[in-house]
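**Q** The chain contents come next:
There are 2 protein chains.
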Amino acid sequence: MAKQISDLKLGILGGGQLGRMLIQEAINYNLTTLILDPDNEAPCKHIANYFECGSITDFDTVYNFGKKADIITIEIEKVNIEALEQLEKEGKHVYPQSRVIRLIQDKGVQKQFFKENDIPTAPFQLVNSQEDMLNSSIPFPYILKQRKDGYDGKGVMKINNAADVENAFEGPCLIEELVDFEKEIAVIVARNPNGDVKTFPMVEMEFNAEANLVEFLISPSTYPEAIQERAEVIAKNIASSLNITGLLAVEMFITRDGNILVNELAPRPHNSGHHTIEGNYVSQFEQHLRAIFNLPLGDTRAINNAVMINLLGEKNHNGVAKYHGLEKIMAIDGVYVHLYGKKYTKPFRKMGHITVVDQNRESAIEKANYIKNTLKVIS
Amino acid sequence: MAKQISDLKLGILGGGQLGRMLIQEAINYNLTTLILDPDNEAPCKHIANYFECGSITDFDTVYNFGKKADIITIEIEKVNIEALEQLEKEGKHVYPQSRVIRLIQDKGVQKQFFKENDIPTAPFQLVNSQEDMLNSSIPFPYILKQRKDGYDGKGVMKINNAADVENAFEGPCLIEELVDFEKEIAVIVARNPNGDVKTFPMVEMEFNAEANLVEFLISPSTYPEAIQERAEVIAKNIASSLNITGLLAVEMFITRDGNILVNELAPRPHNSGHHTIEGNYVSQFEQHLRAIFNLPLGDTRAINNAVMINLLGEKNHNGVAKYHGLEKIMAIDGVYVHLYGKKYTKPFRKMGHITVVDQNRESAIEKANYIKNTLKVIS
Chain Z
2 MAKQISDLKL GILGGGQLGR MLIQEAINYN LTTLILDPDN EAPCKHIANY
52 FECGSITDFD TVYNFGKKAD IITIEIEKVN IEALEQLEKE GKHVYPQSRV
102 IRLIQDKGVQ KQFFKENDIP TAPFQLVNSQ EDMLNSSIPF PYILKQRKDG
152 YDGKGVMKIN NAADVENAFE GPCLIEELVD FEKEIAVIVA RNPNGDVKTF
202 PMVEMEFNAE ANLVEFLISP STYPEAIQER AEVIAKNIAS SLNITGLLAV
252 EMFITRDGNI LVNELAPRPH NSGHHTIEGN YVSQFEQHLR AIFNLPLGDT
302 RAINNAVMIN LLGEKNHNGV AKYHGLEKIM AIDGVYVHLY GKKYTKPFRK
352 MGHITVVDQN RESAIEKANY IKNTLKVIS
Chain A
2 MAKQISDLKL GILGGGQLGR MLIQEAINYN LTTLILDPDN EAPCKHIANY
52 FECGSITDFD TVYNFGKKAD IITIEIEKVN IEALEQLEKE GKHVYPQSRV
102 IRLIQDKGVQ KQFFKENDIP TAPFQLVNSQ EDMLNSSIPF PYILKQRKDG
152 YDGKGVMKIN NAADVENAFE GPCLIEELVD FEKEIAVIVA RNPNGDVKTF
202 PMVEMEFNAE ANLVEFLISP STYPEAIQER AEVIAKNIAS SLNITGLLAV
252 EMFITRDGNI LVNELAPRPH NSGHHTIEGN YVSQFEQHLR AIFNLPLGDT
302 RAINNAVMIN LLGEKNHNGV AKYHGLEKIM AIDGVYVHLY GKKYTKPFRK
352 MGHITVVDQN RESAIEKANY IKNTLKVIS
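Residue numbers (my numbering), protein chains in the order written: chain Z, 2 to 380; chain A, 2 to 380.
Calculated from the structure, these hints are not laboratory results.
Since no wrong hints were added, every one of them can be taken at face value.
Identical chains share a label here; the pair holds if one copy fits it or two copies do between them.
Calculated pairs, BS3-like style, for lysine-lysine (alpha carbon to alpha carbon, straight line, at most 30 angstroms):
{"no.": "1", "residue 1": "K329", "residue 2": "K10"}
{"no.": "2", "residue 1": "K323", "residue 2": "K68"}
{"no.": "3", "residue 1": "K159", "residue 2": "K316"}
{"no.": "4", "residue 1": "K46", "residue 2": "K347"}
{"no.": "5", "residue 1": "K68", "residue 2": "K46"}
{"no.": "6", "residue 1": "K10", "residue 2": "K316"}
{"no.": "7", "residue 1": "K351", "residue 2": "K46"}
{"no.": "8", "residue 1": "K69", "residue 2": "K323"}
{"no.": "9", "residue 1": "K351", "residue 2": "K4"}
{"no.": "10", "residue 1": "K347", "residue 2": "K149"}
{"no.": "11", "residue 1": "K69", "residue 2": "K149"}
{"no.": "12", "residue 1": "K351", "residue 2": "K10"}
{"no.": "13", "residue 1": "K93", "residue 2": "K46"}
{"no.": "14", "residue 1": "K69", "residue 2": "K46"}
All chains, full assembly: derive it from the sequences and hints.
**A** In structure tokens form, the structure reads like this:
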């Protein structure tokens, strides 16, 4: 009999909430999990079979860690790619593949990939200096993005005029035409080495403008079938063009004139899929495991209406986290609490999420609004 | 602000699959979990915050372990009660309470409790010797049960005639009239210290005759509403009479003449509630946490039809477990795998369970039958 998932060791680079929710699913398959994270109090620490405190961007640390595993995956893109390439050369399975992470790590290369593969995206230009920015053909206002290391809204700013350019990021960036969008949406797609591809139903997101973070997510969408299908086809095409193994989250805009533009990619479980734990037959985390272990992909259909609320640290609160209002929201039917095991809160830190499941969409949204106003992470 | 669930330490006596599934839910609440189990490779070992290998029946071991926790619970009844009593005296919360565990630990005392509280149950008699058995007023054939330490069908035998008595168990037992039942059912009820009580919908069970273990469980039941309500009222009455804090599983018989008789109790998460993880809005494990931390009880309604199949070790297989057919059953929609992290299989050992969720009851049962015939735990 061939090696089974229960005989294998999964190495995960990064031990934050995404790794934590991945391990929660991995437990059901007797999978042995190994975590590498620079924070000795990372959310995964106590639930992994093996936890190593170390840098995920250092060649030797990542390489030596990877040698201990059978399959290596990531929960964050900012990892040492050269070590992953070396591990691949030595026969380890790295999913997503190092070349996919390398491509997605650099938002400039990502945008060029969209262009080369006829994937609809906002016009852009790569820039290296404030001079490039001032001389660009893209009109003000535009969006400036650092090509690397952006995360959770960091590394993105709006440039309104020439004066803003002086306070702009330094180094390799891209500038992008401001999209007049009606809605931000996302589709998560999974692909296994057999080439099976499945998408989760399209979801709608609402952002916290101040933090530039997803605050609310609604599943499934009520956009017309034709638009949902178009978004799902785009996601599938990207997964196939990339030949990715694993999950790929595709964030998109629906413009006011009804077009879909791809914003950016994440080759891993993603905030836009947290609702799938209770809202869909298979969760994004289990689907990622199924994909990287080359198992049949699960049923992605929605079971119920689901609204996901990110639980962000309150402004002006720094210190040991308290969850004010938790008991109140637990009294509501169909409410699922997911705290991420982070001891300390700080403004806008992702401390957990809440999913509301309800057969009635309006009622789910109403409950979510109540939760947003009631549950506060304070110190 | 008062102490919150995320500030507290939960000590669990026993580190098997029930503890494992309890921890899987506890992770979502940042709860710190401590496990005491005599097996150094217990299913909970790698997912608890703290694991101690030690006896759960030894006074000092249990007492010293309990001192480290804020709330103490169990996943098996065979624990040292005196240590729990001492911990209660010193102000620790032990849920279920030591007096409830003491009562349920002894099936003789349990039956007397039923009698005293007008809870319908089969006629019985306590016996201490083969002589008592032969002189009993209960006619052959009857059921003989050891009063203590029975588990998973062990400690129960059918006595057909006087000849069988010679091979019967020794020591304190009870004998019970053979019930001519149509169906075995169960209702799980939860009660918190506030006195809130909620039942899960009644489920139907099918047993493996050879192993005397639940093999199949179907939720929700299709018995008439009136019978389901009666079963739920019985469960609530028992929980209230016991003044229990936590979960209580009530196993019952529906007799051929339409009566309900209580078979036995378990004051903890139970095999008859595993389907609730995916099949109901709240799972039995989360409900137990809500109850023992005095939080609002969750919504117990069924979301979908669910069939649970226990995954028992195949006969004649002893050794490192292999899950033959796993990939095949994962290709079916609505199938959830729960392996218990046990390295070694042996005949009839509970190695995991599978839940099938389907909007169509017949289809769920059909899938469950296919799974039962396809998935085998071998060595």
